[in-house]
Amino acid sequence: MIRRTVGEIAASVGGTVEGDDARVILAVRGLEDAGPDDVSFLANRRYARKMAVTAAGCVLVGERDKAHGRTVIRCPDPYLAFAQVLRLFVPAVRPAAGVHPMAVVEGTATGATVMAFAYVGPGATVGEGSVLYPGAYVGAGARVGRDCTLMAGSVVADGCVLGDRVWLNPGVVVGGEGFGFVSTAQGHIKIPQTGRAVIGDDVEIGANSCVDRAAMGDTEVQRGAKLDNLVQIGHGATVGPDNLLVSYAGVAGSTRLGRGVVLAARAGVLGHLEVGDGVVLGADALLTEDAAPGERRSGVPAIDHRRWLRVAASLPELPELLATVRRLEAEVARLKESL
Amino acid sequence: MIRRTVGEIAASVGGTVEGDDARVILAVRGLEDAGPDDVSFLANRRYARKMAVTAAGCVLVGERDKAHGRTVIRCPDPYLAFAQVLRLFVPAVRPAAGVHPMAVVEGTATGATVMAFAYVGPGATVGEGSVLYPGAYVGAGARVGRDCTLMAGSVVADGCVLGDRVWLNPGVVVGGEGFGFVSTAQGHIKIPQTGRAVIGDDVEIGANSCVDRAAMGDTEVQRGAKLDNLVQIGHGATVGPDNLLVSYAGVAGSTRLGRGVVLAARAGVLGHLEVGDGVVLGADALLTEDAAPGERRSGVPAIDHRRWLRVAASLPELPELLATVRRLEAEVARLKESL
Amino acid sequence: MIRRTVGEIAASVGGTVEGDDARVILAVRGLEDAGPDDVSFLANRRYARKMAVTAAGCVLVGERDKAHGRTVIRCPDPYLAFAQVLRLFVPAVRPAAGVHPMAVVEGTATGATVMAFAYVGPGATVGEGSVLYPGAYVGAGARVGRDCTLMAGSVVADGCVLGDRVWLNPGVVVGGEGFGFVSTAQGHIKIPQTGRAVIGDDVEIGANSCVDRAAMGDTEVQRGAKLDNLVQIGHGATVGPDNLLVSYAGVAGSTRLGRGVVLAARAGVLGHLEVGDGVVLGADALLTEDAAPGERRSGVPAIDHRRWLRVAASLPELPELLATVRRLEAEVARLKESL
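Chains as they are written, first to last, in our numbering: chain A, 33 to 371; chain B, 33 to 371; chain C, 33 to 371.
Worth flagging that the hints you see were computed from the coordinates, not collected in a lab.
For glycine and all other residues, C-beta sits at the position ideal for the given N, C-alpha and C.
Treat the hints with caution; some may be incorrect.
[Stated by the list, open to error] Which chain C residues face chain B? A few, computed with CB under 8 Å, are given here: (1) I34; (2) D52; (3) L120; (4) V122; (5) F149; (6) G185; (7) V214; (8) T216; (9) C242; (10) V343; (11) L367.
[To be verified] Straight line, CA to CA, 16 Å or less: simulated EDC-like cross-link-like pairs of lysine to aspartate or glutamate: (12) C:K222 / B:D65; (13) A:K368 / B:E361; (14) B:K368 / A:E369; (15) C:K82 / C:D65; (16) A:K82 / A:D65; (17) C:K368 / B:D233; (18) B:K222 / B:D233; (19) A:K222 / C:D109.
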């Protein structure tokens, strides 16, 4: 069990203690669940009222939050501090480097951890500090950078590339075949997918998500982008730096997302589009045209988000609206007759 | 080949024969496909007319269905009887217990079947009667109960838990990383996902579905819940007992579903919501607020199901409605002038 | 590096050269990226203006496209020619036949390539020329035809069937359990899924897609159908010949799709429906009733596509429409009073 004083915790996150800095803390818990041995956090003003009643031994708070007489650690970003403190109490475990006797490494994986049933194909390279869990696959000629994590059953197909510190959750497929066919009278003829899928530094991809290889050139997920589970990136698409793509978000072929784009859950973008920096698509939205930087869109097809909110609020009244208009038609007809 | 008389079948399901109880049956088939050697079933009154024309040697029917002169087995729930009889003719095959020489068991799996390329990490336990198919992964410190089935390539990540009689279809990921980041000027900083994913007894999870581990505490799928393929359960969410989640259903982080909730295909629930017992969401619905017990909702955002049906029926008339209102505006303007 | 003259390329696609047939070509690139050593293609009139400015050494064009003074190869279908030429410069690599010492073959796989950690169960057969990548699983009694490709971690569950030249991308699950339960007071009782999933010749299935086995009989994906990533086919459904199912398309149980059906991304079809030949569903559509051959549908629920386009165009005006109707109501009431 890991024990840290409030003072040690504050020092580790660059915060300032108000209260008992010698108090010993054993774990991190939410405001509702925390007890006297726990550090908690207030990251959202919506939960400020919980501060009055929490039993937490210490709370990470912002510069101006009320302490309610509790021991607090003031920090510029309490949510970030929470993330750091969590790691303090649950240190990351990296297995020792080495190749398990039941792994197969035909390329090179010096300084990496290759667990049982992981596979590194001929000509492939895996960087120092990277960990391949059981069933991870790095195909022929593929390149995996340093300090990557390839969880169980994740796939980097032949010739594809991961930068450094990339995290693939279980079942991720980087470099499956792009969906490209020429439709002829003899059926759909496959277009060879001869390109790559290239994943930038510090990208994380959620379980069972897919990034297809391109027919030519690269499909890219650029530096710092975070993809949730079951996300789909079509061939030749570009996911920009620091994008956030929530579960089931889909990007069709050849579309380019700018920097800091956010696709909420199940949002989709059709193919061959340009999506500007900072665009935000709401849950279930379908973007069918280019979007300028900073636009917020929702709906199918996606329109301005605020307008969509008003449309969505009006929609339940549609049946009564129809009835009213029919009545008005009749009344206007009568009025015309009566003149 | 398995042979059973009508009388034996009736006995096995607690039913009553009307007709020839010595007739020999060789297989189970639907009413349209069944022949004289087959037992069939009438589980839905919609198909009652098929009883008049089926060639089935015997039919499982309810207490009040018409026999049309055929040999029938009357039972309280013919659909349940069908499920039981199907198992009678196609017995479940469980491979013999033991660890394949090309499996790796670093924890304990006494009395379990561990097939080739399956992996049980250090400190992990797999209960008696459980079967790990090739490529199944049970991470360090994970616990798998008794009589579980982990099909090919299914994953129980480190420290996660399965109850008894859990069935994971191929590609299921229990315990992938929750999607949690603190967005800063330096990019999205990962919140360590130090919690678990915990799956209750008698849960079945469909192919390539994902249940994320929580940042703190547990993500739960409780006893008896059934999840279809490609379902997504976010970190810290709770799926209640006996829930039915159809394919692509998604539950965002920290949301709690009550008992007996049904999410139809592609229905989604946003994060931090409370969904009462017995709530039913229609296909493609997006629930954006709490739902009280027993509510039926559809649409994006989800509204009362019956209202949604009326809205959906009105929607195709919208273009004409717009034109009518424009005409009425002009007519009313003329009327006002003419007064 | 592969070198081909324009004349050789033209011969290989049955095209006619206009210009320098001795020019040496080293690669295939899009019109925007191509240089003097590249062959490019004009497959869509929308991009005809790029012909005037491309630096490509040679362009595959149709019979009537303008050459703009460049060396071109005229062919009946330039897009098909492009697919063929791409293969010319990046030949398909098939690993040599043989069973890796760390593979397990309990059935037969004569003339096939079985890579490390691939598994062929007892009684299963894998045809000549087929390749099983690491982690591929062919269950007991399953049959895989000739020249199939089972990429890393793809699954053909016990008793299921692939025809010839089938391509499974990584993580595909053929033959997971159908989602069938009888709901009782004691919970949801599983209906044994005793049927098969059967995949026809020349089918390709995208990464992490799922085709469930049926309770009885077969789930079918018929000859030449192409399924993108994360597609879901429910138990007992039939996907017709040459269907195109884009990512996240879903087909619920027992539904039958005819020949040449197209489901755009995230389109869904409810269960027990008949979908005629050549039906096209738009992105995000939900088909809730049978569709006659050739119908185009969009929306939730899906209606005629052209009507849906008009509805979608009207929808953003709904808030103003509501306001207008309320004003008209008031004006008509005043008019009635004033008479």
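(Q) Run the distance test for B:K368 versus A:E369: straight-line Cα separation, threshold 16 Å. (A) holds (14 Å)
Q) Holds or violated: C:V214 as interface residue toward chain B, Cβ cutoff 8 Å? A) For C:V214, the interface hint holds, since the closest Cβ of chain B sits about 5 Å away, which is under 8 Å.
Q. With a cut-off of 8 Å, does the beta carbon of C:L120 approach a beta carbon of chain B closely enough for the hint to hold?
A. At about 36 Å, which exceeds the 8 Å cut-off, the nearest Cβ of chain B leaves the hint on C:L120 violated.
Q | Hint consistency between C:K82 and C:D65 [alpha-carbon to alpha-carbon, up to 16 Å] | A | Roughly 11 Å between the alpha carbons, so the hint for C:K82 and C:D65 holds.
Q. Taking only the CA atoms, is the gap from A:K222 to C:D109 under or equal to 16 Å?
A. holds (14 Å)
**Q.** Evaluation of the interface hint that places C:I34 against chain B, nearest CB under 8 Å
**A.** With Cβ-Cβ at 36 Å, over 8 Å, it is violated.
Q: Verify the interface restraint on C:V343: the C-beta must sit less than 8 Å from at least one C-beta of chain B.
A: holds (5 Å)
Q: Double-check C:C242 for me: the hint is only fine if its C-beta lies closer than 8 Å to a C-beta in chain B.
A: Check passed: Cβ of C:C242 comes within 4 Å of chain B, closer than 8 Å.
Q: Would you mind confirming whether the straight-line C-alpha gap from C:K368 to B:D233 stays at or under 16 Å?
A: Given pair C:K368, B:D233 is violated - Cα atoms ~69 Å apart, limit 16 Å.
Q. Taking the closest Cβ pair, is C:D52 under 8 Å from chain B?
A. violated (50 Å)
Q. When the nearest CB of chain B is found for C:L367, is that gap smaller than 8 Å?
A. holds (6 Å)
Q) Between A:K368 and B:E361, is the straight-line Cα distance small enough, at 16 Å or below? A) holds (13 Å)
Hint compliance for this structure: hints 1, 2, 3, 4, 12, 17 and 18 are broken, all remaining hints hold.
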